[in-house]
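Position chains Y and B with the ligands against the provided structure of chain S, taking the given hints into account.
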Amino acid sequence: MSTQPVSLSRDLTIKQVMRAELGDVDMAVWRSASGVVSAWENRCPHRGMRLSHGFVRGESLACAYHGWHYNCAGACHYIPAHPELAPPKTIKANAYNIAEASGIIWVNATGNVAPIDIPSSTVPVRSIPIACPVESALNGFSKHTHQSLLTQHTQAEIIADTPYVLALTPVGSNSVGVYIAFQHVNDSTTVAHITATDNASMNDVVALSRWANEVRDITEFSAGVSE
Amino acid sequence: MSFTLHDYVLSGNCYKVRLLAQLLEVSYTINPVDFHPGKAHKSPSFLALNPHGTLPVLESGDTVLTDSAAMLVWIAQQHDKQHTWWPINDAECLAMTVQWLGFSSQLTESIGQLRLHTMLNRPADAETLRRQSIRHLRELENHLTEQSIRGQAFLCGKQPTVADIACFAYTALSPDAGLEHTLYPGIRGWLHRIRCLEGFLTMPGIYEAHETRNEHTAAS
Amino acid sequence: MNAALEHALQDWYPVAMVGELAPGECKHSKLLGVDITVLANHAGNATESTPTITVRADGAPVDVQQAFDHWWVCLGNKPRSLFTIEEASEADRRFVPCGVVRVACSPLRAVENFLDIAHFPFVHTGVLGAEPHTEVYKYDVKVDESVDEVIATNIKFYQPQAAKSAEGGIQTEYIYRVPAPMAAVLYKTCPLKPDALDVIALFVQPLDEQTCDVWPWMALYDDTSTQAELIQFQQLIFLQDRSILENQLPKKLPLDPGQEIPTKADYTSVAYRRWLKKRGAYYGALEVHP
Ligand SMILES: N[C@@H](CCC(=O)N[C@@H](CS)C(=O)NCC(=O)O)C(=O)O
Ligand code: FES
Ligand SMILES: [Fe+2]
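Residue numbers (my numbering), protein chains in the order written: chain S, 343 to 569; chain Y, 1468 to 1687; chain B, 190 to 479.
Excised from the complex, chain S in its bound form (with noise of 0.2 angstroms):
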């Protein structure tokens, strides 16, 4: 397993939590009151419930089933059923290790995190699924390029390959570039975590967001799915 983009940090703000799944791995990715991100393996060690069902509560994750308080650190630090019970240290979320970068959060379920460094990208665009192998979405991708923001002479490259990042620049007169960072969910699930360079207006990104919806279509559609 390797470093992988599981959200832009746009689309977890503070007191919030998610589920992301890498291959067979499920997580549960959070973020707390103060801002501190992180992922956990997507199940309480209690009975089992999935994490991301969970709450924020100030610096803790508690669990949506018996309402365990799980600190940054992964210790349980608070059982409700026993409120005077110092929980034993024993008691851990399985943590992986995450970073935030470049507007992307990375995690990696089985070793040190790698973020890749995408050069001067700020503006979040959004997230998208495809029904697709990864290598599907990164031809997709590559291949329909914007008609007016990125103009025909764009240039795609690849600038990274475990994670597989996209960038697209344009040559032409229109200068805002695009980067691309794809998250492998499994063999039929790709989430395409789309930035744009900070010249960026609201209007280009509105009209990238809808770009990237017309590619996602063309791309499932050749891939045979259409969902």
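Keep in mind that the hints were calculated from the coordinates and are not lab data. Here the structure is a predicted model, which means the values were calculated and not measured. Glycine is no exception: its CB is placed at the ideal position from the N, C-alpha and C atoms. A few of these clues could be false.
Taking beta-carbon pairs under 10 angstroms as the criterion, some of the chain B residues facing chain S (in silico) [to be verified]:
{"id": "1", "residue": "Ser238"}
{"id": "2", "residue": "Glu320"}
{"id": "3", "residue": "Pro321"}
{"id": "4", "residue": "Glu324"}
{"id": "5", "residue": "Pro443"}
{"id": "6", "residue": "Gln448"}
With beta-carbon atoms standing in for the labels, derived distance ranges [to be verified]:
{"id": "7", "chain 1": "B", "residue 1": "Pro446", "chain 2": "Y", "residue 2": "Lys1548", "range": "58 to 64 angstroms"}
{"id": "8", "chain 1": "B", "residue 1": "Asp337", "chain 2": "Y", "residue 2": "Met1468", "range": "16 to 22 angstroms"}
{"id": "9", "chain 1": "S", "residue 1": "Ala375", "chain 2": "B", "residue 2": "Pro446", "range": "49 to 55 angstroms"}
{"id": "10", "chain 1": "Y", "residue 1": "Lys1548", "chain 2": "S", "residue 2": "Ala437", "range": "47 to 53 angstroms"}
{"id": "11", "chain 1": "S", "residue 1": "Ala437", "chain 2": "Y", "residue 2": "Arg1598", "range": "34 to 40 angstroms"}
{"id": "12", "chain 1": "Y", "residue 1": "Thr1679", "chain 2": "B", "residue 2": "Ala232", "range": "54 to 60 angstroms"}
{"id": "13", "chain 1": "B", "residue 1": "Pro446", "chain 2": "Y", "residue 2": "Arg1598", "range": "41 to 47 angstroms"}
{"id": "14", "chain 1": "Y", "residue 1": "Ala1558", "chain 2": "S", "residue 2": "Ile356", "range": "32 to 38 angstroms"}
{"id": "15", "chain 1": "Y", "residue 1": "Ala1676", "chain 2": "S", "residue 2": "Asn439", "range": "27 to 33 angstroms"}
{"id": "16", "chain 1": "S", "residue 1": "Thr464", "chain 2": "B", "residue 2": "Thr415", "range": "57 to 63 angstroms"}
{"id": "17", "chain 1": "B", "residue 1": "Ala277", "chain 2": "Y", "residue 2": "Asn1498", "range": "44 to 50 angstroms"}
Okay, now just chains Y and B with the ligands, sitting in the frame of chain S:
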């Protein structure tokens, strides 16, 4: 005007009315109808009230409404003093509200039906419903993504309208039908914002907004 | 055939409510991985108010019996006897079959959740529990050897709305009973009749090891609520549990201690898992290596 809501606890369409009434602090009377397993909404006495044989039904004096979107408008028109939920003073926002109210009834036909099939064993063409449901979730996600890019937290602007309530129900309940929100970040953020509204009301399948309470140490 | 299935085949499971199907009406379902059809017979004599049923598994007719407002079937060749619920014959109770709910979870996880009180404040907030009343006080659990059932007693919990008939919060007392691997019965304080106990049961029809149809049933003292009110109160509660049950991992119930972390509040669940293991009731459980 006070009213009676002929209601079923697991119905998303009934929930829309309960939710708006709670948010606007409107009191009303509930008449539970045995939808499952009793099929009481197909009984002759119920059909005399609503020939469509659907829930909810709102009754107030001589007024009988049989469509949840109509009920939301009826309630907001009387009780939304600020005109934000039913934004009659803002032509564009009002038009958008009507548009998304229309979309909400499509959600009943896709996610709502798939949910009855998945949860209560209603016979249905599950594969077709699943595809339609995903198409609807994607359409909603596209719109909410654009809204958040424009700095608008809700479907029709910066404030929630009755259309948010109408679309919230079956979108929030889609996991009941086996469709998770994992791959829809725009929807996820929007659901969270609605759940955290002051006076929010839950139903089974939608978690209580425990995060809006104090930490346990501060609990009194 | 594997031992887990062979064991499970000898028990009785609900497949329909009495009166659910009209004469001649048929439905398809599944039990322990086997396709079944349930057919309502045409009445033999006019005095019969509800039709009897015929159940076929893979085309062959199987044994059926009627109990607790449901039809029960056993697919095995050495059926154990169906457990009893004495209160089912008390004429002054209200009997409330609540219909079926499908849940994508192990039938054993559905039963275990029913035995758990610590989740009330978080899953059934404002009804069966509420913060800060989260503490689970010490209670007693044992296996009653005379009937080979798990039984938990002396359970007390604060509840904001213990039943449809409750007005305001009360300290509720509970007794839990597991009379079969896929059934559980609870007895709780009756708000309208303080010297009596309401009975609520969960009858589970295992479709396979990771999917079940759940048939809640109640025997209550309540002469004020309508049947629809009582059913919807129970559905409100059970459908809150459904969201939890579909999200527990692993899907099958781990029986080996050490895979999950119980506390004192979980003694009933610990006893249940031990009891399942001892009887070899592994259908819906993770592989156990003795
Ligand atoms: N347009 C109606 C549709 C209502 C509707 O479809 N309700 C469902 C329950 S949520 C129903 O009663 N269905 C009848 C049935 O499925 O038997 C509304 O929004 O109120
Ligand atoms: S399963 Fe998480 S607190 Fe019990
Ligand atoms: Fe429960």
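Here's how the hints hold up against the structure:
1. Ser238: The hint is violated - serine 238 of chain B has no Cβ within 10 angstroms of chain S, the shortest such distance being about 42 angstroms.
2. Glu320: 7 angstroms, holds
3. Pro321: Nearest chain S Cβ about 8 angstroms off; hint holds.
4. Glu324: Check passed: Cβ of glutamate 324 of chain B comes within 6 angstroms of chain S, closer than 10 angstroms.
5. Pro443: 8 angstroms, holds
6. Gln448: 9 angstroms, holds
7. B/Pro446 - Y/Lys1548: 58 to 64 angstroms: 59 angstroms, holds
8. B/Asp337 - Y/Met1468: 16 to 22 angstroms: 60 angstroms, violated
9. S/Ala375 - B/Pro446: 49 to 55 angstroms: Roughly 36 angstroms apart at Cβ, these two residues miss the hinted range, so it is violated.
10. Y/Lys1548 - S/Ala437: 47 to 53 angstroms: 49 angstroms, holds
11. S/Ala437 - Y/Arg1598: 34 to 40 angstroms: Cβ of alanine 437 of chain S to Cβ of arginine 1598 of chain Y: about 37 angstroms, so the range 34 to 40 angstroms holds.
12. Y/Thr1679 - B/Ala232: 54 to 60 angstroms: 56 angstroms, holds
13. B/Pro446 - Y/Arg1598: 41 to 47 angstroms: 44 angstroms, holds
14. Y/Ala1558 - S/Ile356: 32 to 38 angstroms: This hint holds: roughly 35 angstroms between Cβ atoms.
15. Y/Ala1676 - S/Asn439: 27 to 33 angstroms: At roughly 31 angstroms between Cβ atoms, asparagine 439 of chain S and alanine 1676 of chain Y fall inside 27 to 33 angstroms, so the hint holds.
16. S/Thr464 - B/Thr415: 57 to 63 angstroms: 60 angstroms, holds
17. B/Ala277 - Y/Asn1498: 44 to 50 angstroms: 30 angstroms, violated
In this structure, the earlier hints numbered 1, 8, 9, 17 are contradicted, and the remaining ones agree with it.
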